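Quick mapping for you: the protein sequence lines, in order, are chains A and B. The first sequence begins at 6 in my numbering and counts up by one. The second sequence begins at 264 in my numbering and counts up by one.
Since the hints were made in silico from the structure, they are not lab data. Here the structure is a predicted model, which is why all the values come from computation and not from measurement. Positions of the beta carbon are idealized from the N, C-alpha and C atoms, including for glycine. Among the hints, erroneous ones may be present.
[Stated by the list, open to error] No more than 27 Å apart at the CA atoms, straight line, and that leaves these computed lysine-lysine pairs for DSSO-like:
no. : chain 1 : residue 1 : chain 2 : residue 2
1   : B       : Lys380    : B       : Lys339
2   : B       : Lys379    : A       : Lys189
3   : B       : Lys408    : B       : Lys380
4   : B       : Lys408    : A       : Lys189
5   : B       : Lys408    : B       : Lys379
6   : B       : Lys339    : B       : Lys379
7   : B       : Lys408    : B       : Lys377
8   : A       : Lys189    : B       : Lys339
9   : B       : Lys377    : A       : Lys189
10  : B       : Lys339    : B       : Lys377
11  : A       : Lys36     : B       : Lys408
[Stated by the list, open to error] DEER-style ranges, computed between Cβ atoms:
no. : chain 1 : residue 1 : chain 2 : residue 2 : range
12  : B       : Ser306    : A       : Asp139    : 32 to 40 Å
13  : A       : Ala41     : B       : Asp404    : 30 to 38 Å
14  : B       : Asp430    : A       : Gln146    : 53 to 61 Å
15  : A       : Met274    : B       : Asp404    : 55 to 63 Å
[Claimed, not checked] Computed list of chain B residues with no C-beta within reach of chain A, every gap over 10 Å:
no. : residue
16  : Ala344
17  : Val565
18  : Val585
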Amino acid sequence: MTTIAAPARRELALPGPVSAVIEFLRVLSRKPVGLAGLFGVVFFLALAYLAPLVVPLQDRVDVTAIYSAPSFGHPLGTDYQGRDVLNQIVYGGQDIITTAILAALFSTLIAITFGAIAATLGGRADVLILAITDVALTIPQLVLLIVIAAIFRPTSFISLAIILALLQWPALLRQIRAQVLSLKERDFVEAARSLDLGLLHIVFREMLPNMRSYIAINFIIAMTYAIYAQAAIMFLGLVPLSGKSWAIMLYFAYNQGALFFKDSFFYLMGPIMAIALFQLSLVWLASGLEDVFNPRLRS
Amino acid sequence: MATLIELDGVSRRYATPGGTITAVDDVSLALAAGDALCIVGESGCGKTTTGRMLAGLLRPTSGRLFFEGRDVWRTKGDDLARFRRAVQIVHQDPYASLNPSRTIAQTLAAPLGKHKKLHGRGARAAMIALLERVGLTPAEDLLVKYPHQLSGGQRQRVSIARALTVDPRVIVADEAVSMVDVSIRISLLDLLHSLSREFHVATVLITHDLAVARYFARGGRIAVMYLGRVVELAETESLVADPAHPYAVALIAAIPEADPTITRTKEHVTLRSAEVPSLLALPSGCTFHPRCPLSEAGLCDVVVPALEDLPGGRSVACHVAVRERRPAAELLGVR
Chain A
6 MTTIAAPARR ELALPGPVSA VIEFLRVLSR KPVGLAGLFG VVFFLALAYL APLVVPLQDR
66 VDVTAIYSAP SFGHPLGTDY QGRDVLNQIV YGGQDIITTA ILAALFSTLI AITFGAIAAT
126 LGGRADVLIL AITDVALTIP QLVLLIVIAA IFRPTSFISL AIILALLQWP ALLRQIRAQV
186 LSLKERDFVE AARSLDLGLL HIVFREMLPN MRSYIAINFI IAMTYAIYAQ AAIMFLGLVP
246 LSGKSWAIML YFAYNQGALF FKDSFFYLMG PIMAIALFQL SLVWLASGLE DVFNPRLRS
Chain B
264 MATLIELDGV SRRYATPGGT ITAVDDVSLA LAAGDALCIV GESGCGKTTT GRMLAGLLRP
324 TSGRLFFEGR DVWRTKGDDL ARFRRAVQIV HQDPYASLNP SRTIAQTLAA PLGKHKKLHG
384 RGARAAMIAL LERVGLTPAE DLLVKYPHQL SGGQRQRVSI ARALTVDPRV IVADEAVSMV
444 DVSIRISLLD LLHSLSREFH VATVLITHDL AVARYFARGG RIAVMYLGRV VELAETESLV
504 ADPAHPYAVA LIAAIPEADP TITRTKEHVT LRSAEVPSLL ALPSGCTFHP RCPLSEAGLC
564 DVVVPALEDL PGGRSVACHV AVRERRPAAE LLGVR
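Please put together the full structure from these sequences, using the hints given.
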């Protein structure tokens, strides 16, 4: 049966990274909102991770230029120590975004692992995991976050990300469990069982690809949550305020009285707009991603 | 012929809030290699449950499943894995049986890689040979497609090709043609039929359509199920010509004929009731007695009829037909 020569040999279509990107953009462009979200996210990622490489850091205190109005030298004015606001916006994105990505990554991993285990094993493992999840879901998250942050005083963005992740996984876990439970009963999963393809194949090759859009969208939503949470606890001054971050800018702008100076409008609004626009881009991108992972829309 | 796979007195019960449902009640079926068997019955008669138990996908509440003489639900490890691969199922819904996010090549490559250690070019050649065997040409173009790019009939063929990747000994096709265009049905049935000849695969087709059963199981057997029990098991030709169980008589009489004159003059069986009893409240005795024109008070509504042999290699679960030693078709004067 295996000796039939293949006529007109053509290689299996394994799209290279380039064609994958083109395909991604082609499908995403069907939803203008998704495309706008992608551009926004790319813009902010470039601002946060690439711009600091070319823009020199300006953190010299200049007492002669406290709260100066926007000018050519300082397009968004200066802060309470006479430092350039735009420069702080450029340098303030990296930490907050990295923490958000790490927090989303950790919480998604926890949710997928234990959600899939609960749904596949069922029985007592399911009951136990669900019980823990439900307890975690009922705790008021921001209050708990404030308490944890006050006790542990996370100093690195990894420890902050872990704390955020530990609060975020329950909702996603329940959703992943529900998805796996429904996929488990599908005919193609039964066929895979019948073909004795193994549990790992069934989970990672048959089920997970059908949850990709789901996981990606939840990952992005988890990022937005992590950014809000960071903004909240940093604005409240609950974590040691070292480094640069849009949220730390907000804390200082508020506590150093930027509210009372007309010329420091952009010192307050700058980080607020940066956070809000980045969040908006993320949400828009998430709404466009649904299509990208739908095999029916691929060429 | 040696028995390859056998269901021995299996039952499947489900506990529901309204009481216990007996989906399948004491069913025994045996197949040898190359056999063709059709399980026929209306929806809810337990034919799909029986098929899933035969494929080892569902554990019977009681009774046993034997494969090559071994009790499947007592085997473990390699033996169980071997059984799993030996029995493949082709599902009813061609839109749910293939993973929507995997291409045909990916779907076929997984079992070939895992069980036959075929990768790369070898796997590709095997996939093309399989697709051509199930009548999908040009196979080359199909490999890169996703299921949604194929028609229902093509998908069913891919499902069959996928089952063939592991060289099965038994194929259970659960309503495999009922969701496919009528024009495609015959060729799919022919394909399944030819596979059973060519590879000596025992094929079980589950269907509600007696016309499909008659076509597929020519030279094989038909089992008629009613409310969880096999009421008649006979060779296709004798069952169609001379059904022994009153329910089978009614089914056969309901097959439309191509010739309108025959349809008009054909004898119809009038059942006493058109209602199918609820599985939650099965009638006492023979479950068919409230609808049966031959029903005898004091016998049929009291004693559960066992599947007993009649002359001509047929088994029937009917007090009257067994006592008279004549098929119900004659008793009812239909033929």
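Hints versus structure:
no. : hint                              : verdict
1   : Lys380(B) - Lys339(B)             : 23 Å, holds
2   : Lys379(B) - Lys189(A)             : 26 Å, holds
3   : Lys408(B) - Lys380(B)             : 23 Å, holds
4   : Lys408(B) - Lys189(A)             : 24 Å, holds
5   : Lys408(B) - Lys379(B)             : 23 Å, holds
6   : Lys339(B) - Lys379(B)             : 21 Å, holds
7   : Lys408(B) - Lys377(B)             : 22 Å, holds
8   : Lys189(A) - Lys339(B)             : 22 Å, holds
9   : Lys377(B) - Lys189(A)             : 21 Å, holds
10  : Lys339(B) - Lys377(B)             : 19 Å, holds
11  : Lys36(A) - Lys408(B)              : 24 Å, holds
12  : Ser306(B) - Asp139(A): 32 to 40 Å : 39 Å, holds
13  : Ala41(A) - Asp404(B): 30 to 38 Å  : 37 Å, holds
14  : Asp430(B) - Gln146(A): 53 to 61 Å : 54 Å, holds
15  : Met274(A) - Asp404(B): 55 to 63 Å : 57 Å, holds
16  : Ala344                            : 5 Å, violated
17  : Val565                            : 40 Å, holds
18  : Val585                            : 38 Å, holds
Violated hint for the displayed structure: number 16, the only one.
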